[in-house]
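S.K.: Chain residues, written in single-letter form:
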Amino acid sequence: MNLLVEFNNVFFSYQSASGKPVEALREITLQIGKGEFLSIIGRNGSGKSTLARHFNGLLTPTSGEVLVAGLSTSTGDRKQLLEIRKRVGMVFQNPDNQLVSSIVEEDVAFGPENLGIPPPEIRKRVNHALAALNMFKYRREPICHLSEGQKQLVAIAGALAMKPDCIVLDEPTAQLDPCSRKQVLESLKKLNRDEGIAIVFITHLMSEAVNFDRVVVMEQGEVKVDGLPEDIFSRVELLEKAGLDIPVAARLAVELRQRGFPVAPGILRVEELVNSLCQLK
Amino acid sequence: MELTRNLTLGVYLPGKTALHCLDPRTKIAGASGLILLLILTNNYAAYASFAAFTLGLILMAKIPLGFALKGLRPMLPILAIMWVFQLLFQKPPGSKVIFSYWIFSATDAGLHIGTLMSIRVLLLFLVTTILTLTTSTVELTDGAEALLRPLQKIGVPAQELALTMVIALRFVPTLAEEAEKIIKAQTARGVDFRRGNFIRRTFKLFPVLLPLFINAFKRADELITAMESRCYTGGAGRTKMKVLQMGKSDYLAWGVFAAFTVVQVFLMLKIGRPY
Amino acid sequence: MPIEIEHLNHTYKEGTPFARQVLFDINLKIDDGEFIGLIGPSQAGKTTLGQYLNALFIPRSGRVLIDGRDTADRKTDLVQIRFEVGYVFQNPEHQLFKTTVGEDIAFGPTRQRCTPEEVRERVREAMLLVGLDEETFYQRDIFALSGGQKRRAAIAGVLACRPRVLILDGITAGLDPRGRKEILDVVERLHREREMTVIFISHSMDDVARLVERIVVLDRGRIIDDGPAREVLARVSRLKQIGLEPPQVIEIMQQLREKGFAVPAGVLNVNEALSEIVKVLSRPGVKENWN
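Protein chains in written order, with my numbering: chain A, 1 to 281; chain B, 282 to 556; chain C, 557 to 847.
Some hints here could point you the wrong way.
To be verified - Simulated crosslink set (DSBU-like; lysine-lysine; CA at most 30 Å straight-line):
1) B:551 <-> A:124
2) B:523 <-> A:86
3) A:124 <-> B:297
4) C:796 <-> A:189
5) A:86 <-> A:241
6) A:190 <-> C:796
7) B:521 <-> A:190
8) B:521 <-> A:79
9) B:521 <-> A:86
10) A:182 <-> C:815
11) C:796 <-> A:182
12) C:835 <-> A:281
13) B:351 <-> C:569
14) B:521 <-> A:137
15) B:499 <-> A:79
16) A:137 <-> B:297
17) B:551 <-> B:372
18) A:163 <-> B:523
19) C:737 <-> A:224
20) A:241 <-> C:706
21) B:297 <-> C:843
22) C:843 <-> A:281
23) A:86 <-> A:163
24) C:737 <-> C:706
25) B:529 <-> A:124
26) B:523 <-> B:343
27) A:124 <-> B:521
28) B:499 <-> A:86
29) A:281 <-> A:190
30) A:241 <-> C:737
31) A:163 <-> A:124
32) C:706 <-> B:485
33) A:190 <-> B:523
34) A:224 <-> A:20
35) B:499 <-> A:182
36) B:521 <-> B:499
37) A:281 <-> C:815
38) A:137 <-> B:551
39) A:137 <-> C:843
It is worth saying that the hints were derived from the structure and are not from the lab.
Construct the complete structure from the given sequences, taking the supplied hints into account.
M.R.: Right, dumping it as structure tokens:
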């Protein structure tokens, strides 16, 4: 595996409003390779947003270290930090609070403009990024005329225009309706497949996490499980303890197996369950 | 209940008319020139020609006339008050008393000053509205930045100012929408914003401002994080995707503007003040 | 307190170049004690329609009658109507405007000119209803609440006005599964114990399937379906067409039926589905096919 981001025994604590230290991350060791398609899942307050902010040096570990392409986020060197942020794009939960300009293409250009790239090259990147997210026809629209889902796609295009190796998305779908949700997920899949960009997708919905190649479950600031989705979702108890929902198909499969019906193991999706049941009939 | 329905100032009306397509620098400089002319203008004939010119611009930009005028409506009560004040308290030496009652009296000069001032304010508002209706906020800031850039040498942070403006304008619709939501939430719990006089209604808006401000700070905080993540480190070393370029129509516009200025100055000098 | 809507149209930014019609000839009757899910994709007009039900919007075309009172009638006391039909919005940060939980919940009753004792009593009752412990939360700063707690405080603020109809607009959006369950439990209890009419606006079919008795489907400003929850949800393909995601259980049962599984239509929850599948698989002769 070609390493991209590395968390080495990372701890992070901060002072709460009342002055006592709160340990938000504990003993995180995590390796993310080039072109991975990964989801980090946990309930609110499990530390996943704090973890996200370590990917590009918005936060730095209290102890341990985070390396992006071999560069540490903790050196405090501005140039190095810029290099890291060029490689790791970030998208946040609320699209309204991360878009800078009122016109779609102007906003997408914001990142490359910051890097001092020549105008024709910026234009090329912006057009490419918008096309990759199926937003090209909206390039001159005012942001305030877009739906929340479309705004989020613009935010992703903004990250893509930096030509990153990896995009970290912190609950990008939490405010969206199911249709836009699906659109965002499909777009990310496409970026991963066609452009080879690693995707780190943070969510609290299992039904979204099943779409990824690898799932990391967080609970109380620690990584509880790290593995293939089909291995994780069969562990119903563990997920319930972490305050997460289990996709209905996975739950039915587990319950049927427990009752002695030979349903195939590792079922996550509706079609898989239906196919497996049809073979039993 | 739609707070933003009658808002015309600061709203952009997309279009492809000649006015829309001018270089923003031309439009900003032109609008500033027109405003300067308005401040200097001192008689009805000049104002009439100015109004005709403004009307021409509105028609040219294909702005529905009713929509442009509707934006003037909120100004009317304030203008009426100002007009009465000018009427009653402007008494330059040599003016004639045309009306008096109890302790109040008005002069012909007061009448003219009040009326001219009201027309001036209305036209000023219209000119600004035409500018914003035909120029997107992005163009506006790009234009302003380009016009300010020469001042960078004497320490004016043109880039930062422009970006501040971009962000402020970006959040106008968001905050207006949010204010509407807060007003609705308060209405739903028994506040009646439509009842009471102007002052009472204004006071009722204060509780709306508190959550609006608190949210605005939260937004600002998140925005800074997002900007940092997108490698923003200040104005130095930034490039722009769009490079402004003046064309033939811009030079034509400059010609029209120069001719209009000549007419206005002529009318000002020839006719002079009516009082 | 029945609510009737007749031939309602709504145009956003009417009279400006940005005008856009968002509701088309809406006819709807809501009876006492109903539990209705108003679903549809985003921008279908759900929120706009909801805001006609408590006179936040006043019809310019069509009529809205709340307990027989026409909201467009100048003599109608709209403030009173808004106390009777409570509205909880999606984002709690837009509707909590005092600094502490207690003060905020007291806002409505104070405007209703209740005596201080009565205000206190209503706050206590509302907090109990939404499951916010009075001792812990009464003095608590609004900012110190979690997302789910904020939403419960927002609901309490509306409940303290003692409404007879409650409109809940997207109140589960963005909550994690546990927070969502807490909120939904509160809503269910309100309907069951207080016999309140509840109108639950959502684009999450999972929430709706779990709770409501009747579903009204809105798409691009028009009502395209209205009926008992089980029947509406069973029309899966239509819901999918307009971009809604039917609950997975329904999806599974539908697909099984298409493949010749003898499971009934209208199954809404996992346990029912499980027992139906078990029934089919336990039939004599089935086991012999396994290898």
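S.K.: Residue 86 (chain A) and residue 163 (chain A) were given as a pair; does the straight-line alpha-carbon distance stay at or below 30 Å?
M.R.: Holds, at about 7 Å.
S.K.: Quickly compare the C-alpha distance for residue 124 (chain A) and residue 521 (chain B) to 30 Å and report which way the hint goes.
M.R.: OK: residue 124 (chain A) and residue 521 (chain B) at ~13 Å, within 30 Å.
S.K.: Checking one constraint from the list: CA of residue 521 (chain B) to CA of residue 86 (chain A), max 30 Å. Satisfied?
M.R.: Roughly 18 Å separates the two Cα atoms, so the pair holds.
S.K.: Could you grab the alpha-carbon distance between residue 182 (chain A) and residue 815 (chain C) and see if it respects the 30 Å cut-off?
M.R.: holds, 26 Å
S.K.: Are the Cα atoms of residue 137 (chain A) and residue 297 (chain B) separated by 30 Å or less?
M.R.: holds, 17 Å
S.K.: So if I understand the rule, the pair passes when the alpha-carbon distance is 30 Å or less; does residue 796 (chain C) with residue 182 (chain A) pass?
M.R.: holds, 12 Å
S.K.: For residue 281 (chain A) and residue 190 (chain A), compute the direct alpha-carbon distance and say whether it is at most 30 Å.
M.R.: violated, 36 Å
S.K.: Decide if the proposed pair is consistent with the structure: residue 521 (chain B) and residue 190 (chain A), CA atoms, cutoff 30 Å inclusive.
M.R.: holds, 29 Å
S.K.: Given the hinted pair residue 551 (chain B) and residue 372 (chain B), is their alpha-carbon gap at most 30 Å?
M.R.: The hint holds at about 25 Å.
S.K.: Given the hinted pair residue 137 (chain A) and residue 843 (chain C), is their Cα-Cα distance within 30 Å?
M.R.: Given pair residue 137 (chain A), residue 843 (chain C) is violated - Cα atoms ~56 Å apart, limit 30 Å.
S.K.: Please work out if residue 241 (chain A) and residue 737 (chain C) have their alpha carbons no farther apart than 30 Å.
M.R.: Distance ~15 Å between residue 241 (chain A) and residue 737 (chain C) Cα, so the pair holds.
S.K.: Would the pair residue 737 (chain C) and residue 224 (chain A) pass a check requiring their Cα atoms to be no farther apart than 30 Å?
M.R.: holds, 23 Å
In terms of the numbered hints stated before, the structure departs from hints 1, 5, 21, 29, 38, 39, listed from lowest to highest.
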